[in-house]
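Could you build the full structure based on these sequences and the hints that come with them?
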Amino acid sequence: MKKQIVSAIIAMALASTLLVGCGSNTSESVSATELTIETEVVATEKTKEATTAETVNWPKKQITIVCPFSAGGSGDTIARLIAPELQAKLGVPVVVTNRTGAGGAVGLEFVRNSDPDGYTLVYFSVDTCILSPMGVSDVTCEDFRALGRAIVNPSALTVRSDSKYNTMQDFIDDIKTNPGVVTEGNSGTGAFWHICASAFENATGGEMTHVPFDGAAGAAAALLGGNIDAVFVAPGEIKSSIESGDFKVLANLGEERSLSAPDVPTAQEMGLDIVIQGWGGLAAPKDTPDEIMGILKTAFSEAVQSESVKQAIIDRGLDYSYASGEDLDAAAKEQLQDYTELIEELGIASK
Amino acid sequence: MGEWIIGLQAVLQPNVLLFALIGVLIGLIIGALPGLSGTMAVAIFTPLTFWFPPAAGFAMLIGIWNSSVFSGGISAIIINTPGTPASIASTFDGYALYKKGKGGIALGINVIFSVIGGLISTVVMMLFAFPIARFAVKFGPSEYFSLALLGVSMMVGVSNGSVLKGLIPGFLGLCLSTIGMDPISGVKRFTFGSTNLMSGISFIPVMIGIFGVGEALYQIYTRNQKVEEAESAERSANMSLGKIFLEKKEFFSLLPLNALIAFVATFIGAIPAAGGDIASIICWGQAKRISKHPEEYGKGSVEGFSVSCTANNGIIGGALTTMLCLGIPGDAVSAVLIGSLMMYGMQPGPKMFTENRSFVINIMLMMVVCNIMILVIGLLTAKASAKVLNVKKELVWVSVIILSIVGAYALNNNYFDVIIMLIVGLIGFVCKIAEFSPGPMVLGLLLGNMLEANLRRAMTLTKGSLSFFYERPITLCMIIFIVLTFAWPYITKIVKKEKEN
Chain A
1 MKKQIVSAII AMALASTLLV GCGSNTSESV SATELTIETE VVATEKTKEA TTAETVNWPK
61 KQITIVCPFS AGGSGDTIAR LIAPELQAKL GVPVVVTNRT GAGGAVGLEF VRNSDPDGYT
121 LVYFSVDTCI LSPMGVSDVT CEDFRALGRA IVNPSALTVR SDSKYNTMQD FIDDIKTNPG
181 VVTEGNSGTG AFWHICASAF ENATGGEMTH VPFDGAAGAA AALLGGNIDA VFVAPGEIKS
241 SIESGDFKVL ANLGEERSLS APDVPTAQEM GLDIVIQGWG GLAAPKDTPD EIMGILKTAF
301 SEAVQSESVK QAIIDRGLDY SYASGEDLDA AAKEQLQDYT ELIEELGIAS K
Chain B
1001 MGEWIIGLQA VLQPNVLLFA LIGVLIGLII GALPGLSGTM AVAIFTPLTF WFPPAAGFAM
1061 LIGIWNSSVF SGGISAIIIN TPGTPASIAS TFDGYALYKK GKGGIALGIN VIFSVIGGLI
1121 STVVMMLFAF PIARFAVKFG PSEYFSLALL GVSMMVGVSN GSVLKGLIPG FLGLCLSTIG
1181 MDPISGVKRF TFGSTNLMSG ISFIPVMIGI FGVGEALYQI YTRNQKVEEA ESAERSANMS
1241 LGKIFLEKKE FFSLLPLNAL IAFVATFIGA IPAAGGDIAS IICWGQAKRI SKHPEEYGKG
1301 SVEGFSVSCT ANNGIIGGAL TTMLCLGIPG DAVSAVLIGS LMMYGMQPGP KMFTENRSFV
1361 INIMLMMVVC NIMILVIGLL TAKASAKVLN VKKELVWVSV IILSIVGAYA LNNNYFDVII
1421 MLIVGLIGFV CKIAEFSPGP MVLGLLLGNM LEANLRRAMT LTKGSLSFFY ERPITLCMII
1481 FIVLTFAWPY ITKIVKKEKE N
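Protein sequences, first through last, are from chains A and B. Numbered by the numbering used here, the letters in the first sequence go through residues 1 to 351 in order. Numbered by the numbering used here, the letters in the second sequence go through residues 1001 to 1501 in order.
No lab work stands behind these hints: they were computed from the structure. Keep in mind it's a predicted model, so treat the numbers as computed, not measured. A couple of the hints might just be wrong.
Taking lysine to aspartate or glutamate pairs in the EDC-like style, the calculated list, with each CA pair at most 16 Å apart, reads [stated by the list, open to error]:
hint	chain 1	residue 1	chain 2	residue 2
1	A	61	A	117
2	B	1188	A	138
3	B	1463	A	138
4	B	1138	A	117
5	B	1292	B	1250
6	B	1351	A	246
7	B	1351	A	243
See the structure below:
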């Protein structure tokens, strides 16, 4: 009896070691392994089709998508929604693993330094255009080649419904005449929503007091509780409070109207020349060969544009928006330059 | 009433029950492994549930959540390492009970009082969901600051023996929490150019290092064959009795206190960003202050242990309350659950109670069902896990060290966390030899960021003034409460003296 228990304990300990650490080269998490097991059967069936279809004999083994943000966030959701579709298209297991820390820099640096063989991908977001100018890390969008874009995250100027502001102009007038009185909550110093708010000040000539929170949810809670006056976050992140009538969105700073708040005009429609929106997609390290990039891009565009993924993204309250890898690369490069200038001008980089 | 019966019928469907059961079992295993927390388990299994009908999928997630918080206590008892952050307070008394040879009883308490906490908080949620959620969201930076201060004031309570020797590691923990990017200005502090240090030292590897590796090393260092033999003989005597249940009288005497604790925990759970770790520490500390036998707390007090078990499961109802009523996550797990509800086409928030009322009722009933399952499975497996207690110590040490390394790595898939865990383990070991209490160090690290970020946030809002201390009623009440708890012994002393004179 005793021996059985002893062996059971050791087995449990070793099993968990295997679960976590077996793929030291791909370093998938427990989730990864378990999901793999679940879908292995489907995968092997599809392998036959895929290998005959492609001329280049790639992929041959499991692909890992590194999400530099923690489980449950929008980046993680997107990666996990796309992974099964990619798996069906490519015929090998596609797993998602989270490597978090330093606003995404830890995961991004990991993928930048991994082999450019297409087996390690990364959730690629607007953060690659701000981490380096902010002085957090030297990793930029130029270290990667995009597979494509899946979503955009427009920034929305949002206040409580009982607030005295009814239009964006009311708000701008107030922050201009009473500089620093209005308090604005964002998702953390140097995070994208902080830069949005700063860019808004820059464009309008007003001034607010910035209060950084841990993520957009914290800022939204503080707005609901009446502790701050406004937030600049994605409409999808505060959908419930918009629908319940607790919040009103004064302006959408994105390129197009948001699916979560279709009645809210963009700042450009109202005559304020500012476009500031986050985005997310997938990318591979920059030295990944063209043939492999071709396969990945095709699979990504088919996966993201499939009705099921599209609907799932929209159901999740995110703004679905596909763009090709080339377009995203070019846009990211441009944004890197813009944000570098903007951050320098604002003087908010960490030293 | 009719809708509750319909809800009950929906929840008692065989497939819903089956998935709830699977969830409970998954949570049981993952929760008991240090480093693999309930948050992680729920996040990992959420994508799988999209293929199930909403009731079945959500029942599985609720099962995982409840059961992982409960089973975190098992490793706290057996190997003195909290399986999830929420069970951190369970190590204070749980392991001491085990050392006394009352491991079976501790495991029993863990099951029974976790379920009591879960059930009471569910009832509180059913009755008062809206008022609680509306009040909890009023918590702003200054209230969070005073909540963290209340937590830090527990350092004294957590220290065994010398208060000074508890405070020193406590402040070391506070210092460690300043590593990384400044929460307000974003300036890098003590990062030495390392990207890994930018987001600071994670709390979970430190927790695993101190309680797991540090404790194992200490036991190896201080081992004494003769004492061990005597201990194991005594334990096997206890085991053969298979004693898991408390005496009836003792059980009933614990009930009123734990009912109160469950209320408090539900409320703390409802406050966004205050989870089971903080709730269980605060509840344990307050229970110690009102207890008739505070000297037993931390030395294997049945009362203290039951309180920590009730508290960490009690937050679940609270976190669900804020999530369902306002669409704002009450803690990390509920953030993931919001995503899952949205996938099913439901938007958590005030409208959820009108548009998807039947599903809200289902969720509340699922809580009840899952807790009953935990009660049954927990008690059935308690005997098996009680037998694990009797295993040779060498094997326990090896397993603890392996599990600690795995757990620290699994957190972020980053070797850096393993290094941190090992270094902290050594520090914990040295602390123990020098008779410092390492527990407060974990507390300092956990609360340091909350303390600093919220004080500075509050001061940003008031443009540098400290007026929020007296202008905000909730803050003022909490500060007065903290001061009173410290001053009370002196006040009673002075009053006594006056009377004598």
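### Query
Which of the numbered hints are not met once you compare them with the structure shown?
3, 4
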